[in-house]
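Residues per chain, in single letters:
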Amino acid sequence: MSLLEVRGLKVHFPIKKGIVLERTVGAVRAVDGVDLSVERGRTLGIVGESGCGKSTLGRAVLQLEPVTEGSVVFDGEDLGTLKPAAMRAMRKRMQMVFQDPLASLDPRQSVSSVLSEPLRTHGEKGPYDKRVRELLDLVGLPSTAANRYPHEFSGGQRQRVGIARAIALNPELIIADEPVSALDVSIQAQVVNLLEELQQRLGLTYVVIAHDLAVVRHISDDIAVMYLGAVVEVAPSDSLYDEPLHPYTIALLSAIPIPDPEVEDVRERIILRGDLPSAADPPPGCRFHTRCPFRQATRCHDEVPVLREIAVAPGHQVACHWAEQVHSGAITPERAAVPAADADGAAAV
Amino acid sequence: MSVAQFEAVESSAVSPQEAAGGLGRDALRRLRRSPTAIVGAVLVTLFVLVAVFAPLLAPYEPNFQRLDLIRPGVYPGPSSEFLLGLDQLGRDELSRIIYGARYSLLIGVVSLTLGAAVGIALGLLAGAFGGWVDSLVMRIVDVMLAIPSLLLAIGVAALLGRSITSVMIAIAVVNVPIFARLLRGSMLAQRRSDYALAARSLGVPRSRIVLQHVLPNSLSPVIVQGTLALATAIIEAAGLAYLGLGSADPSIPEWGRMLADTQNSLATAPLLALWPGLAIVLSVMGFYLLGEALREALDPKLRR
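Chains as they are written, first to last, in this note's numbering: chain A, 1 to 349; chain Y, 1 to 304.
No lab work stands behind these hints: they were computed from the structure. Incorrect hints may have been included.
[What the hints assert, rightly or not] Here are the in silico distance ranges between beta carbons for each label pair:
1. Y/Val143 x A/Arg120: 39 to 47 Å
2. Y/Thr165 x A/Ala89: 50 to 58 Å
3. Y/Asp299 x A/Arg120: 24 to 32 Å
4. Y/Leu282 x A/Leu64: 18 to 26 Å
5. Y/Asp142 x A/Asp281: 15 to 23 Å
6. Y/Asp142 x A/Ser181: 54 to 62 Å
7. A/Leu64 x Y/Asp299: 26 to 34 Å
8. Y/Val143 x A/Arg299: 55 to 63 Å
9. A/Pro127 x Y/Ala117: 31 to 39 Å
10. A/Gln296 x Y/Gly185: 50 to 58 Å
11. Y/Gly131 x A/Gly26: 14 to 22 Å
12. Y/Val143 x A/Ala280: 31 to 39 Å
[Claimed, not checked] Stretches of chain Y that chain A covers, calculated by requiring three or more beta carbons in the stretch to come under 8 Å of a beta carbon on chain A:
13. 190–203
14. 284–290
[As the list claims (entries may be wrong)] In silico negatives: residues of chain Y with every beta carbon more than 12 Å from chain A:
15. Asp26
16. Leu28
17. Arg33
18. Val42
19. Pro59
20. Gly77
21. Ser80
22. Leu124
23. Phe129
24. Met144
25. Pro148
26. Gly155
27. Ala158
28. Leu219
29. Leu266
30. Val281
These figures come from a predicted structure and were not determined experimentally. Heads up, the beta-carbon is just placed ideally off N, CA and C, and yes, glycines get one too.
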């Protein structure tokens with residue numbers, strides 16, 4: 001059984017109007033029907049551009065955002081049905097690492113206070129000094145760091161503190177929301193390596209949310225690609241990179257330059273036109289059809305594609321009506337010369 | 001250079017002084033370096049010392065009168081016996097200015113404490129609970145904000161009679177919405193911060209998140225406002241007294257009232273208007289400068 005099972009998860013934020021009498025006039029569909037599962041000890045990467053709902057998804061899994069619909073099942077327990085006290089106890093088993101390490105640490109808390117807080121919260125008796133030193137050691141910080149404050153550290157060191165806090169309670173699942181994107185490129189590799197090392201040592205299961213395809217590829221076993229609140233493709237890491245099936249994934253991967261000038265020159269790049277449509281008013285049918293270079297008349301507009309495994313690539317799920325044809329080359333992308341005008345108004349965004 | 005070396009260099013950029021302590025010490029260190037803070041602190045300290053030790057510093061009692069030395073419209077100016085001269089009732093101006101500091105400080109501190117306490121309580125309520133509690137509290141605060149302080153002071157004076165207490169209540173009421181809004185806004189911002197979310201994800205109970213994380217991080221602007229509000233309270237107290245809304249007792253040496261009393265003799269004894277005016281300006285300036293310096297010292301964006 002999977003450690004984490006997400007079924008039909010929806011997180012809609014109501015858009016309210018009026019000062020005294022508020023009424024709901026719509027909803028931002030940040031996460032709109034996501035199914036995922038993560039096996040124990042594995043790493044699932046979630047990629048997608050800004051605003052696609054990947055961070056909201058991560059928080060909703062930890063029940064830090066109100067879930068509109070669907071369920072999050074952790075180790076056989078539906079988190080949505082747990083009473084507050086039971087949920088609080090459950091939090092011990094799932095933790096989060098944040099994007100901005102400075103913002104995620106209380107500026108008035110010393111490192112030892114940051115690291116003993118989870119222990120205190122879950123009823124462990126002090127003194128915590130020994131465990132604090134142990135945690136600092138695990139993340140590669142000197143024990144003298146305990147008495148210092150977040151602003152005294154560099155970005156990479158702060159993120160180590162954030163990671164130490166996340167592993168303080170020996171959790172099983174860690175959701176890392178853009179764990180390295182706020183760090184210098186030179187530090188990113190260190191932190192990614194630390195995460196991998198901790199996974200092996202402590203048997204952790206990760207959900208790593210990122211927009212950096214290289215980071216995700218390096219750390220993930222499986223990757224889910226999100227677009228506008230929905231998962232469009234899920235596949236084992238290598239299979240996704242070698243053989244992307246969804247037009248959105250194909251476009252994303254074609255944006256990565258290849259460090260070989262000759263290949264780079266002749267390589268076909270697909271440039272997506274227009275912006276991400278509003279999550280308050282997603283396009284009908286396939287959400288991606290307003291920007292899709294492989295779009296086919298009527299069906300893409302009329303019918304919502306479901307995430308399905310296709311015959312040509314076992315273990316590889318994709319939400320595209322034409323995945324087989326795109327894969328075989330029967331459908332080719334439109335040239336960039338075609339204007340972005342579209343009846344559905346995506347170009348107007 | 002290896003990646004590890006990069007990080008080592010980055011971390012060594014932290015100065016040893018800064019490494020020695022937390023945020024409070026950091027702010028204090030910057031305060032000590034700021035000339036604004038020093039001037040402000042000197043003025044404020046002087047003001048407080050004068051108020052506290054008034055009986056020791058003043059050469060005469062505030063109501064000691066030498067009626068024999070004055071005639072209508074003619075008041076003796078500075079002399080060796082009376083350093084700042086005598087007022088319209090033949091009292092020593094210097095002694096009255098010195099005793100006046102007590103009333104300014106008393107009115108300032110009491111009205112500020114009262115106003116800040118109620119304002120902080122309301123702000124805490126709104127900031128901690130949010131939702132309809134927030135809406136309710138903030139609408140009440142809006143109503144308070146809509147009342148002009150002068151009108152309120154007249155109302156309170158009409159209700160309770162003209163006294164220092166009325167002045168303090170009026171100024172306190174004016175301060176309530178300021179503190180409530182400030183703390184609430186600051187807390188709302190902090191509540192949405194990542195570290196509050198991190199605490200939630202750890203399972204820290206909401207009451208503890210609010211009291212231990214959100215509130216302490218929201219207090220900086222309130223502390224700054226407190227210093228500035230003291231300055232405003234002194235001006236307002238003087239203004240109300242000047243308009244005749246302060247204490248009805250002429251024996252009380254209140255700076256604003258002393259200023260008002262000089263109106264009829266401005267042509268013959270202009271210095272009598274200068275002294276209380278100067279006292280008001282210097283004490284208010286002291287608190288303003290200190291407040292501004294505090295604002296800079298506590299601003300996390302300026303932290304190095």
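The hints, checked one at a time:
no.: 1; hint: Y/Val143 x A/Arg120: 39 to 47 Å; verdict: holds (42 Å)
no.: 2; hint: Y/Thr165 x A/Ala89: 50 to 58 Å; verdict: holds (54 Å)
no.: 3; hint: Y/Asp299 x A/Arg120: 24 to 32 Å; verdict: holds (31 Å)
no.: 4; hint: Y/Leu282 x A/Leu64: 18 to 26 Å; verdict: violated (53 Å)
no.: 5; hint: Y/Asp142 x A/Asp281: 15 to 23 Å; verdict: violated (34 Å)
no.: 6; hint: Y/Asp142 x A/Ser181: 54 to 62 Å; verdict: violated (41 Å)
no.: 7; hint: A/Leu64 x Y/Asp299: 26 to 34 Å; verdict: holds (29 Å)
no.: 8; hint: Y/Val143 x A/Arg299: 55 to 63 Å; verdict: holds (59 Å)
no.: 9; hint: A/Pro127 x Y/Ala117: 31 to 39 Å; verdict: holds (37 Å)
no.: 10; hint: A/Gln296 x Y/Gly185: 50 to 58 Å; verdict: holds (52 Å)
no.: 11; hint: Y/Gly131 x A/Gly26: 14 to 22 Å; verdict: holds (21 Å)
no.: 12; hint: Y/Val143 x A/Ala280: 31 to 39 Å; verdict: holds (35 Å)
no.: 13; hint: 190–203; verdict: holds (count 10)
no.: 14; hint: 284–290; verdict: violated (count 0)
no.: 15; hint: Asp26; verdict: violated (8 Å)
no.: 16; hint: Leu28; verdict: holds (15 Å)
no.: 17; hint: Arg33; verdict: holds (18 Å)
no.: 18; hint: Val42; verdict: holds (30 Å)
no.: 19; hint: Pro59; verdict: holds (49 Å)
no.: 20; hint: Gly77; verdict: holds (56 Å)
no.: 21; hint: Ser80; verdict: holds (56 Å)
no.: 22; hint: Leu124; verdict: holds (17 Å)
no.: 23; hint: Phe129; verdict: holds (16 Å)
no.: 24; hint: Met144; verdict: holds (18 Å)
no.: 25; hint: Pro148; verdict: holds (24 Å)
no.: 26; hint: Gly155; verdict: holds (28 Å)
no.: 27; hint: Ala158; verdict: holds (33 Å)
no.: 28; hint: Leu219; verdict: violated (10 Å)
no.: 29; hint: Leu266; verdict: holds (51 Å)
no.: 30; hint: Val281; verdict: holds (37 Å)
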